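Just so you know, the sequences run in chain order V and Y. In this text, residue positions in the first sequence follow numbering that gives the first Met the number 0: the first is 0, and each later residue adds one. In this text, residue positions in the second sequence follow numbering that gives the first Met the number 0: the first is 0, and each later residue adds one.
Just so you know, these hints were derived from the structure itself, not from any lab. Every value quoted in this text rests on a predicted model; they were computed, and no experiment measured them. Errors might be hidden in some of the hints.
[What the hints assert, rightly or not] Covered, in the sense of this in silico footprint (three residues per stretch, anywhere, with C-beta under 8 Å from a C-beta of chain V), are these stretches of chain Y:
| # | region |
| --- | --- |
| 1 | 57 to 67 |
| 2 | 82 to 92 |
| 3 | 101 to 113 |
We put the CB at the ideal spot given by N, CA and C, even for glycine.
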Amino acid sequence: MIQTALIMLAVGVFAGIAGSILGIGGGMIITPILTLGMGLNIKYAIGASIIAVIATSSGSTIAYLRDNVLNLRVAMFLEIATTTGAIVGALLTGVLDPKYLYLLFGCLLVFSGWNMYRKLRRGSEVLQRVEPDKIASKLKLNGTYFDKAENKNIDYQVENVPAGFSVMFGAGVASGLLGIGSGAFKVMAMDTFMKMPLKPSSSTSNLMMGVTAAASATVYFFNGAILPGIAVPMALGILVGAVIGSRIMQILPARWIRIVFIPIILYIGLQMLFKGLGVHF
Amino acid sequence: MAQNKSTANEMAQVETIIGRILQVGVIFSAIVMLIGLVMFLITGFSGYNGSYVPRRMGQILVGTWQLRPYAIMMLGVYCLILTPVLRVVVSIYAFYKEHDHLYVAITTLVLFILLVALFIGING
Numbered sequence: 000m001i002q003t004a005l006i007m008l009a010v011g012v013f014a015g016i017a018g019s020i021l022g023i024g025g026g027m028i029i030t031p032i033l034t035l036g037m038g039l040n041i042k043y044a045i046g047a048s049i050i051a052v053i054a055t056s057s058g059s060t061i062a063y064l065r066d067n068v069l070n071l072r073v074a075m076f077l078e079i080a081t082t083t084g085a086i087v088g089a090l091l092t093g094v095l096d097p098k099y100l101y102l103l104f105g106c107l108l109v110f111s112g113w114n115m116y117r118k119l120r121r122g123s124e125v126l127q128r129v130e131p132d133k134i135a136s137k138l139k140l141n142g143t144y145f146d147k148a149e150n151k152n153i154d155y156q157v158e159n160v161p162a163g164f165s166v167m168f169g170a171g172v173a174s175g176l177l178g179i180g181s182g183a184f185k186v187m188a189m190d191t192f193m194k195m196p197l198k199p200s201s202s203t204s205n206l207m208m209g210v211t212a213a214a215s216a217t218v219y220f221f222n223g224a225i226l227p228g229i230a231v232p233m234a235l236g237i238l239v240g241a242v243i244g245s246r247i248m249q250i251l252p253a254r255w256i257r258i259v260f261i262p263i264i265l266y267i268g269l270q271m272l273f274k275g276l277g278v279h280f
Numbered sequence: 000m001a002q003n004k005s006t007a008n009e010m011a012q013v014e015t016i017i018g019r020i021l022q023v024g025v026i027f028s029a030i031v032m033l034i035g036l037v038m039f040l041i042t043g044f045s046g047y048n049g050s051y052v053p054r055r056m057g058q059i060l061v062g063t064w065q066l067r068p069y070a071i072m073m074l075g076v077y078c079l080i081l082t083p084v085l086r087v088v089v090s091i092y093a094f095y096k097e098h099d100h101l102y103v104a105i106t107t108l109v110l111f112i113l114l115v116a117l118f119i120g121i122n123g
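Whole structure, please, built from the sequences with the hints as guidance.
Right, here's the structure in full:
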């Protein structure tokens, strides 16, 4: 029992660091480790994972708030979409066969890996020029952030708010269904659709994950998917890892972070797909 | 431009308040979870028979009072879940203080959706 708790604590620290650096909430790392690595039922893994998502989000937000990277209005506005989606997702989980959860999870990881690779090919991070957008101005979504690597304040504008909002609803469904922060979708909604720079997208996504996860975690909490012996040491490890991770992220350039994680994410995604398809090797 | 500047200053204030709330909430939850975990590890007993996990609010509170490790751990988990909810509540107040009615409405809507989730969780 002590051994299980210590392993969970260590997994938590690792997932906290990796999750906050990538803006993926740790959930995408935890569920594969618990199911593939430790043979836990995927529903309990999802339960532990959604708690870990909240811990990562709250833990790393503490650091981001001090550093003024985050866009609070963007977060608030888009949370309307993510929390609604999270409820829909949590309701779906009770209905679906676990093998579909594995398949969806695998697809999600492969997609995330591909998405990160695609951005890598686009080259180093360049701030896109964006046309003044009526909805964005009306909702006061444009912002400024301080970039530590470049050591200056960067002003940015956002556009295409309806598309970003729709993708956020999907991100919420994925979060509630699979117990993940679905940060890849959130970051994509903000940086690909709304043209926000990566760093504010990533930390805003981190903040939103907590609120989104709270919606589905409440459902999981009362339906018995949360095992304290697993979720608690995991969450405590995550808190420590998230604080360390958010420090590392501001020093490392975004490109290196991605290069390190793409093959790992692709590999784990394929493993989850095989498990969902019932292939053993 | 002047208006942009004041919006930026206001946001910095809101973010500081919210940061503090999150910090207090997370640290409090972590302490409760840690106490439960340490008790569980020392005694090697969850406080309940077999693999039973208390999950009704009443059970958790009574179990915490009786110092049952799983009840304390679940209480900590529940506090952690409430931390982002608390953030939303404080944001409503902060936007209200800034006379940003649009964001008071937006944030209140988010809180309402979270309350719907709570209702579904308890009754579902």
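Results of checking the hints against the structure:
Given as covered by chain V, the region 57 to 67 of chain Y fails the check, having 0 residues with a CB less than 8 Å from a CB of that chain where 3 are the minimum. Counting residues of the region 82 to 92 of chain Y whose beta carbon lies closer than 8 Å to any beta carbon of chain V gives 6, which reaches the threshold of three, so the coverage claim holds. With a cut-off of 8 Å between beta carbons, the region 101 to 113 of chain Y has 8 residues touching chain V; three or more are needed, and the interface restraint holds.
In summary, the one numbered hint that this structure violates is 1.
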